[in-house]
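Participant: Sequence:
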Amino acid sequence: MKNKGIHEIVKERKTEEKGLVDLPHVEGEVVLRFAPNPSGPLHIGHARAAFLNHEYFKRYGGKLILRLEDTDPRRVDPKAYQMIEEDLTWLGVKWDEKIIQSNRINLYHQYAEKLIELGQAYMCTCPGDEFKRLKDQSQACTCRDLSINDNLKLWKEMPFMSEGEAVLRVKTDINHKNPAIRDWVAMRIVDFEHPRIGTQYNVYPMMNFAVTVDDHLQGITHVLRGKDHLANSEKQKYLYHHFGWTVPEFIHYGRLKMEDVALSTSQARKGINDGVYTGWDDPHLGTLRAVSKRGIRKEALEELMLEIGVKIADTTITWKKIYGLNRNVLEEEANRYFAVFHPRKVVIKYLPGSFKGVIKRLKHPDFPDRGYRMLPFDGIVYLDQIDLNNNENKVLRLMDSVNIIFKDGGITFHSSSLEDARKFNAQIVQWVPATSSIDVELVMPDNSILKGLAESSIEELKPNDVVQLERVGFARLDEIQPKRKFYFAHK
RNA sequence: GCUCCGGUAGUGUAGUCCGGCCAAUCAUGUCGGCCUUUCGAGCCGAUGACUCGGGUUCGAAUCCCGGCCGGAGCACCA
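Its first residue numbered 1, the first sequence is counted upward by one per residue in my numbering.
Worth flagging that the hints you see were computed from the coordinates, not collected in a lab. Model, not experiment: these values are computed from the prediction. There's no promise every hint is true.
[What the hints assert, rightly or not] Cut-off 25 Å, straight-line C-alpha distance, at most; resulting in silico cross-link-like pairs (PhoX-like, lysine-lysine):
#1 Lys177 - Lys132
#2 Lys58 - Lys94
#3 Lys491 - Lys321
#4 Lys320 - Lys485
#5 Lys156 - Lys171
#6 Lys79 - Lys356
#7 Lys423 - Lys349
#8 Lys114 - Lys171
[Said to hold, decoys possible] Here are the in silico distance ranges between beta carbons for each label pair:
#9 Gly409 - Glu85: 56 to 62 Å
#10 Glu97 - Glu331: 33 to 39 Å
#11 Thr142 - Asp314: 26 to 32 Å
#12 Trp90 - Leu152: 43 to 49 Å
#13 Asn447 - Leu362: 29 to 35 Å
#14 Gln427 - Ser354: 22 to 28 Å
#15 Val26 - Ile100: 39 to 45 Å
#16 Gln427 - Lys360: 19 to 25 Å
#17 Val247 - Leu152: 25 to 31 Å
#18 Glu27 - Glu86: 22 to 28 Å
#19 Trp90 - Ser448: 24 to 30 Å
Don't be surprised by glycine CBs; every beta carbon is placed ideally from N, CA and C.
Working from the sequences, and respecting the hints, build out all of it.
Facilitator: See below:
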């Protein structure tokens, strides 16, 4: 600990600049958890929790636990368990331990019983609305006065009752100024088959109960969660006190709003079922698989999330911000290619034969060692119709090739040098050789598809490669069969 | 309605705890210049913010009070 390496110092300063604050009350190592509900794949909001936990885990050392919170059988998508792990892997977040709550129902039963024995929980058979009426007036229902033995007896009978007949409530403070905190439900009956564990249980813990038991048992030191859990943290503290457990450090961050995107899993699922979206990776969605398909890199998301940090104030993420960060990642990696998406075949008239030949162009201007693309040029090319429309009667330069002029519906050779192009203020555009073009599709963020033509060098690309289609923008190659299909990322 | 919590440039963020070094940081965006056979990148420059009103103080983004605006929760969901 005497000499910090230069890397450590640089890293320290960097995180300071990023503004990710230190965790409060860290003693040695930390134990953190990422605890999603397996109702669907992860979205950008989850990425925040995942990255933050991961970052703190890396900063302090300790343990990061993945916990699947599937205690509501109705809100479980059996496919989600797998998808969540895939998504986390894509994010580069590794976990030391995985816990599935539906494997632990028995354990929650034991703690529930213990709580009854402690006299801190009671079986409540009031109808929900009746309890709420009383609770809102700070009045206890009669169930609250049941003896421990009566409670135990009812508890044993609970599995034989049906949904809604009874719940187990945690005693808090019936006079608590926030009605939401008063005597919350710990266990309830669910008559619904659990997608993972079937019908072996019908008495399930509520999130607040299961979370508290697990956080304690797993020795979680710091709980990072959204501010929508503010009241839950307050509720959970009562349980910690009843059991005599140490309360972890709760840190609440604000809501994340995503420009133009419905982040909620339930809305996405509905849209998929209704056919509005093509699937979990539909470009409209804010799921990680959707943004990944569009060529957004996890590095960009990570930088964004660490910058946003754990502030409790809400934040609005704009796509421009993500694109800006992503461009920094992609710029270096993406090789350049020509493609046009409103192709118009033109024959250049009066082209001197000396200009025909093969044009060499760097794959990446900053990395000459990546080599060249070869573009055969014989005077017959595809240009973008929009470029032509915008340049009627003006000189236009085909990149690395010749200058032309579009006049009276025809294209004529004008000159050849870049100097001439500059002199005539020519716009410089990309082009595709007509003799060796390849059909491509470009899926836009609104899921519309542009059909176009690209230079033949794109044949060397593999699915998942990200390129820069010059003057069009960055795009990720998704598949090459039956046709080369790109997803547009951003300019 | 009740309970709780926020409000720094277009957006995100640092600074707020322990008032002065803040005529306020960095990122992204936008605009301009240079460079460059495109766009982008790079380099240089510009742009633009402490929600409002009082108070305390020699001094307030920072402390206090009030207003305004915004958010979260008020489930037998997580």
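Participant: Against this structure, judge whether each hint is valid.
Facilitator: Hint by hint, here is what the structure shows:
A C-alpha spacing of about 14 Å is found between lysine 177 and lysine 132, which places the hinted pair at or below 25 Å, so the restraint holds. Under the criterion of a C-alpha separation no larger than 25 Å, the hint pairing lysine 58 with lysine 94 is consistent with the structure, at around 10 Å. Taken as a hint, the lysine 491 and lysine 321 pair is honoured in the structure, with Cα atoms around 12 Å apart against an allowance of 25 Å. Restraint check for lysine 320 and lysine 485: satisfied, since their Cα atoms lie roughly 24 Å apart, inside the 25 Å limit.
This hinted pair checks out: lysine 156 and lysine 171 have alpha carbons roughly 19 Å apart, not beyond 25 Å. Our distance criterion of 25 Å between C-alpha atoms is broken by lysine 79 and lysine 356, whose separation comes to about 56 Å. Restraint check for lysine 423 and lysine 349: the C-alpha separation of about 21 Å stays at or below 25 Å, so the hint holds. Between lysine 114 and lysine 171 the CA atoms are separated by roughly 13 Å; this keeps the pair inside 25 Å, and the hint holds.
For glycine 409 and glutamate 85, the Cβ-Cβ distance of about 58 Å falls inside the hinted range of 56 to 62 Å, so the restraint holds. Taking the beta carbon of each, glutamate 97 and glutamate 331 are about 38 Å apart, inside 33 to 39 Å as hinted. At roughly 42 Å, the beta carbons of threonine 142 and aspartate 314 sit outside the given window of 26 to 32 Å. Between tryptophan 90 and leucine 152 the beta carbons are some 48 Å apart, a value that agrees with the proposed interval 43 to 49 Å.
The hint said 29 to 35 Å for the Cβ distance between asparagine 447 and leucine 362, and at roughly 33 Å that hint holds. Take glutamine 427 and serine 354: their Cβ atoms lie about 24 Å apart, and the range 22 to 28 Å holds. Range check, valine 26 to isoleucine 100: about 28 Å between beta-carbon atoms, so the 39 to 45 Å window is missed. Separation of glutamine 427 from lysine 360 is about 22 Å and conforms to the stated range, judged on CB atoms against 19 to 25 Å.
Take valine 247 and leucine 152: their Cβ atoms lie about 27 Å apart, and the range 25 to 31 Å holds. Checking the proposed 22 to 28 Å range against glutamate 27 and glutamate 86 shows it is violated: the Cβ atoms sit about 34 Å from each other. At roughly 26 Å, the beta-carbon separation of tryptophan 90 and serine 448 lies within the given 24 to 30 Å, and the hint holds.
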